[in-house]
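Peer 1: Below are the chains, spelled out letter by letter.
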Amino acid sequence: MKDLDYGKLLSDYGNVLVLLILCLFVSFVTLEEQSPRSEAAAERLAKQIASKNSPGANVAILVRSGEGAEKFSKTLETALADAGLTVTTNVVGNPAAARAALESQDAPLPAIAADEHMIVFCREQLSKLAGEFPQLAKTAAYQPIKHKWPNFLKRDNLLNVLKQISIVAIIAIGMTMVIITAGIDLSVGSLIAFSGVITALTIQQLGGGDPSLTQFLLGSAAGILACAAIGFGTGGLVTLFNIPAFIVTLGVMFIAKGLAFIFSESAPVPIEGSFAWLGRGADFFGLPNSVVLMLLLYAIAHVVMTHTSVGRYIYAVGGNPEAARLSGVPVKWVLVLVYTLCGLLAGLGGVMEASLHTTGDPKSGTLVELQVIAAVVVGGTSLAGGQGKIFGTLVGALIIGVIRNGMNLTGVESHMQNVVYGVVILIAVMVDQLKNRGLKTAG
Amino acid sequence: MAAAAHPPLLQMRGISKAFPGVQALSGVGLTLHAGEVLALLGENGAGKSTLIKILGGAHAHDEGELTIDGSPARIDSPQASQAAGIGIIYQEFNLVPGLTARENIFLGQEPARVSFIPHQKEADRARKLFQRIGVEIDPNALCRDLTVAQQQVVEIAKALAQDARIIVMDEPTAALTPREVDGLLKVVRELRTQGIGIIYISHRLDEIDAIADRVTVLRDGSHVATRDKTDLARDEMIELMVGRSLDKEFPSHDCQPGPVRLAVKNLSRGNKVRDVSFELYAGEIVGLTGLVGAGRTETARLIFGADRKDTGTVELDGQPIDATSPRDAIRAGICLLTEDRKSQGLVLGQTVQENFGLPNLRQFTQGGLIDRQAESDAFANLVSQMQIKIANHEQPARTLSGGNQQKVVLAKWLQRNADVIIFDEPTRGIDVGAKYEIYQLIHQLANDGKAILMISSELPEILGMSDRIIVMNEGRVTGEITDVPQATQEDIMKLATARHPLAA
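Chains as they are written, first to last, in the working numbering: chain A, 56 to 498; chain B, 84 to 587.
Among these hints, one or two may not hold up.
Claimed, not checked - Some chain A residues judged to face chain B by a derived CB distance under 7 Å, without partners named:
| id | residue |
| --- | --- |
| 1 | 374 |
| 2 | 375 |
| 3 | 376 |
| 4 | 382 |
Said to hold, decoys possible - With a straight-line Cα cutoff of 25 Å, these simulated DSS-like cross-link-like pairs (lysine-lysine) come out:
| id | chain 1 | residue 1 | chain 2 | residue 2 |
| --- | --- | --- | --- | --- |
| 5 | B | 425 | A | 444 |
| 6 | B | 577 | B | 355 |
| 7 | A | 107 | A | 129 |
| 8 | B | 425 | A | 387 |
| 9 | A | 218 | A | 102 |
| 10 | A | 201 | A | 126 |
Hints are computed from structural coordinates only; laboratory data are not their basis.
Even for Gly, the Cβ is constructed at its ideal location relative to N, Cα and C.
Throw the hints in and build the complete structure from the sequences for me.
Peer 2: Below, the structure written as structure tokens:
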């Protein structure tokens, strides 16, 4: 048995642990009594009845009319049928309708599936009816079990968390690479706006009021490539003139934002047609398209960073540029590449943002660069360069996403949310420092 | 030795220290008297640095006791160490380059948190300190303008200004020229006469011979021996350090030069490298030496494409190569083992295998993906061939000893099967045992028909290893020595200080 190095394990996967604890905490604070008319409640009720009765037994469904009643009774009917029971009647209405339905049963009825209102009727009336109608003599009534469930852990909410982080997380892939080379890119927020505007304008120019799929693709390509070109220029300035990336990208940030407003004439550019597919659609097993794209890009980026020479070069350049150069690494090209990729992914983020709102808005993306950097830092990538993991960044983005979601669910107001983000970032950097200190004393 | 009436200045007894996974020191003892030079010897990883860091308050020891003037001392922080009269001159100086010598000496000793600093008084005190050491330095010169040797004197003055009675010097001569080394040894002797106890750590046995009164040897974290220097022959010192006897310092080499492999013609860059021409033959080890700043490293960097040359050509096997980047030179078959492994040779945070793979990724890449298994196999092959001591392939490069780091650097170039290998100070900071292994590897490479250029400041190494010696001064080649067995250090020094090319 190999001894596990818990210290290393903790420092490598510490943020996963933080994420899990955070999820538990948010689950705990969003724990609430769930509506007994939910789909899940219907399914559980069906299971309960099936377990107490022999297959093929007759069941009557009684639901008081009201909000969600139709859906609840339908789900219940399908679930009961799936469980092998025979639904003889499915009533959505008042107690009188329920009584009429029960009286008209001609075979013995072992079970009634009732909602929380009809169960009251059953309790009061069933024993009386049993005397008159022998088929109801052995009838038992069941109601949905009341249960508590965290609002956070609902499927729709979890997908929503993923969807909300997708744009930031995708750009954070490029940012992670840049930060691993000991650089920084402040321009990504502005590039979102720039890309959105370019994409919207191109689609408008090409397609007018009814753009085709090809025109959507061309527009998106225009936005993404324009941003990649800007990233290429950024990389060129950083390497050729040896200007600190912080300054170069600060300049590019202003330029891109300004151009976005100039090109759009300061007004959001609407996009006609079905451009929302990327931002709003959910075509893969119910997963939002933006989330599928995010996961796909993370998988690719992970392989690139861990299994290709480009990835090795990126780490080497960040760890020791001179040693890398003297080992034959094309340091300048690696730097230009990471800034180009970061620009390209910011451009993609801009297209996604435009797709989400079906507009190219020059005001979009403001301060997103900070969220992106926060995700990278919280994900454990060191600003000193040379260290960091792609999946760490995804976890970092998730940590921030879960905190935001938790605060939204519990109604924390937005200014307080900012305070919390700030604290989270500071803690992440402190942990990073402690980790480095650990490295130094061990070495 | 010392009379009971005079307790030793410093005594460390039964000092143990463990790091996660490593017992760095176990039960080490050390005694230092006032007015003596104690040489602390040991291979890299023997525990010298750990012991010094305990003395300096950077590490806390797990067991053992420490007395100063016979009374127990508690050293749990650098401040406590200073207060106890201990001054440590680390290999990397703790000087602020943008401050003057005076400001550096008195940094942290200002009369109060907020106060006016009595410039003139400080300058006078600094001058007195320099006088006491016997070296003249302008107290108002910026530290960044001082030479390495002068900066070292500033460090010593800083320790003396804090009333240090124990001065520890960790590899003080690693970056000094031979003349500066002499100057430093003079300073050490001067301090000794003033009753200061000096712990002197060096790999250079010549210096130990010249200066030490007593020698304490550590090996693998344990105390091996403490002897009077006069009782200890040089071979014996090596034997104690390595734990086995070495027949000789340099392996023998039978050189049969083949055809010209590398031809350098009229290489120039600014005033650092001026019109340098020479040739390397297959199977030959050529020593390139000269004083620090003679342009040796700069010449190597031009050949390797690391810097841009003003003029000149480089030919490999008769074909001109125009390397504008190390990448070009490596492709052509030239590689360079840099002088400074930590800042130029290795990416310290990456694993040893990743460092090994860095110039070789193309070999291991299939369909765009790195075949880690192939990379690991190739590395394992060289690890066993070169006897590199590593725990596993995932070990970060920073955790290796100097000798093993050098071997990892060499392994990555061997994997490339380069034709011309340039070694820049290949054994700097490497302990005696590992040195011999590196020498053997260099010989083996020459025997395989590679052309070797070995830059070194250590003249015994140059004389012991080279088949031919090229000497540079002020950017120029000032001479060549072909009859190496008959050459002496004086011959080399004459050429190394010559202003114009001399016939050898």
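Peer 1: All the hints need checking, so say for each whether the structure fits it.
Peer 2: Against the structure, the hints:
Given the 7 Å rule on beta carbons, the hint for residue 374 of chain A holds: about 4 Å separates it from the nearest Cβ of chain B. With a least beta-carbon distance of about 4 Å to chain B, the hint placing residue 375 of chain A at the interface is held under the 7 Å criterion. A cut of 7 Å between beta carbons decides the hint on residue 376 of chain A: the least distance to chain B is about 9 Å, and the hint is violated. Nearest Cβ of chain B to the Cβ of residue 382 of chain A: about 4 Å, under the 7 Å cut. The hint holds.
Under the criterion of a C-alpha separation no larger than 25 Å, the hint pairing residue 425 of chain B with residue 444 of chain A is consistent with the structure, at around 24 Å. Simply put, residue 577 of chain B and residue 355 of chain B have alpha-carbon atoms about 20 Å apart, close enough for the 25 Å limit, and the pair holds. Only pairs whose Cα atoms come within 25 Å are accepted, and residue 107 of chain A paired with residue 129 of chain A is accepted, the gap being roughly 21 Å. Note on residue 425 of chain B and residue 387 of chain A: the hinted pairing holds, with a Cα-Cα distance of about 21 Å set against a maximum of 25 Å.
Restraint check for residue 218 of chain A and residue 102 of chain A: the C-alpha separation of about 32 Å exceeds 25 Å, so the hint is violated. A hinted pair counts as satisfied when its Cα atoms are at most 25 Å apart, and residue 201 of chain A with residue 126 of chain A qualifies at roughly 18 Å.
Of the hints listed earlier, those the structure fails to meet are numbers 3, 9, in rising order.
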